[in-house]
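*Asks:* Protein sequences, first through last, are from chains C and Y. Under our numbering, the first residue of the first sequence carries the number 1, and numbering increases by one thereafter. Under our numbering, the first residue of the second sequence carries the number 1001, and numbering increases by one thereafter.
These are computed hints drawn from the structure, not numbers from a lab. Model, not experiment: these values are computed from the prediction. Check the hints yourself; a few may be wrong.
What the hints assert, rightly or not - If you want the footprint, here are the derived chain C segments under chain Y, 3+ residues with CB under 8 Å:
1. 39 to 46
2. 95 to 109
3. 187 to 201
4. 204 to 213
5. 219 to 227
To be verified - Restraint-style ranges between C-beta atoms, simulated for each label pair:
6. C:Phe193 with Y:Arg1027: 32 to 40 Å
7. C:Ala233 with Y:Arg1037: 16 to 24 Å
8. C:Trp14 with Y:Arg1027: 16 to 24 Å
9. Y:Arg1027 with C:Glu227: 43 to 51 Å
10. Y:Ile1013 with C:Ala233: 19 to 27 Å
11. C:Thr203 with Y:Val1004: 21 to 29 Å
Even glycine gets a Cβ: it sits at the ideal position worked out from N, Cα and C.
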Amino acid sequence: MTLLKPAVGRALGWAALAALVVLALFGLWGAPPDDVQGDAQRLMYLHVPAAWIAYLAFGVTAFSSALWLWPRTRAAVWDRIAGSSAELGVLFTALTLMLGSLWGRPVWGVWWAWDARLVTTAVLLFLYLGYLALRKVPAAPEARAKRCAIAALIAFVDVPLVHFSVSWWRTLHQEATVFDPELKANIHGVMAFTLWWGVLAFTLVYVYLLDRRYRLESLEEDLEQRELEQAIAERVAGAGTPGRGSRKEEVPVG
Amino acid sequence: MSDVGYVVAGWSITAGVLAGYWLWLRRRTRHAERFDRDA
């Protein structure tokens, strides 16, 4: 009931932890402070990877949802992956907003601005919170998976809006650091290495957590199904026993 | 607050959120596994 073999999952967990430790060493000490922003720029090594992983997570949700909707590939596994990945996407989007706010205060002088990048990212967070709420609405598994898959595909429309908002509109948020619209890198040396390492570390964390979340989703679905079957069996047994809610007993006498 | 203060806050909150989510997952998984075994 996991996506990865247990030994691979455990190894991935340790690799993710080691990668995060190395990221902290480079992000906090190894990389030099920025010429303009000083030490505040060290938040970039978390903020940018968190945003990329949010895109990846919602991309996986949209892709899995499409596979569920396609009749030839329809399987419960895609619905579980979609739900698990969306939860991680929400987690990383919330981290992105929180880190951006902490970075914005010393650099822009404000915690929040009604800027296109910030607003579209906040909308993304609320869209997928709505998606997670929709997954909790009781329904038959097939009906729930279908409505959630459609919602996931609609919500994904906001991802390119978030990404290109800095190019399409005049914003306070800086343009792409790694690749500008001409695909030219604007970061070099130890700073570039640390940023790429951050992306790698967060990717490992994402894959590891997705595997763990998928296992939990599978276990909870199985338990839910078993409880439902047990409740139906008890109801059927109760209906057949006089004195336990059968229609005949409910008719008033006299 | 100095720039270093914002950086320390950001890194600490990130570590806390990731560790907290991992612990929450582990606790709920163990709980579900226990129910699964008992059922």
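*Asks:* Determine for every hint whether it applies to the structure shown.
*Replies:* Here is what the structure says about each hint:
no., hint, result
1, 39 to 46, "holds (count 5)"
2, 95 to 109, "holds (count 7)"
3, 187 to 201, "violated (count 0)"
4, 204 to 213, "holds (count 4)"
5, 219 to 227, "holds (count 5)"
6, C:Phe193 with Y:Arg1027: 32 to 40 Å, "holds (36 Å)"
7, C:Ala233 with Y:Arg1037: 16 to 24 Å, "holds (20 Å)"
8, C:Trp14 with Y:Arg1027: 16 to 24 Å, "holds (20 Å)"
9, Y:Arg1027 with C:Glu227: 43 to 51 Å, "violated (20 Å)"
10, Y:Ile1013 with C:Ala233: 19 to 27 Å, "violated (48 Å)"
11, C:Thr203 with Y:Val1004: 21 to 29 Å, "holds (28 Å)"
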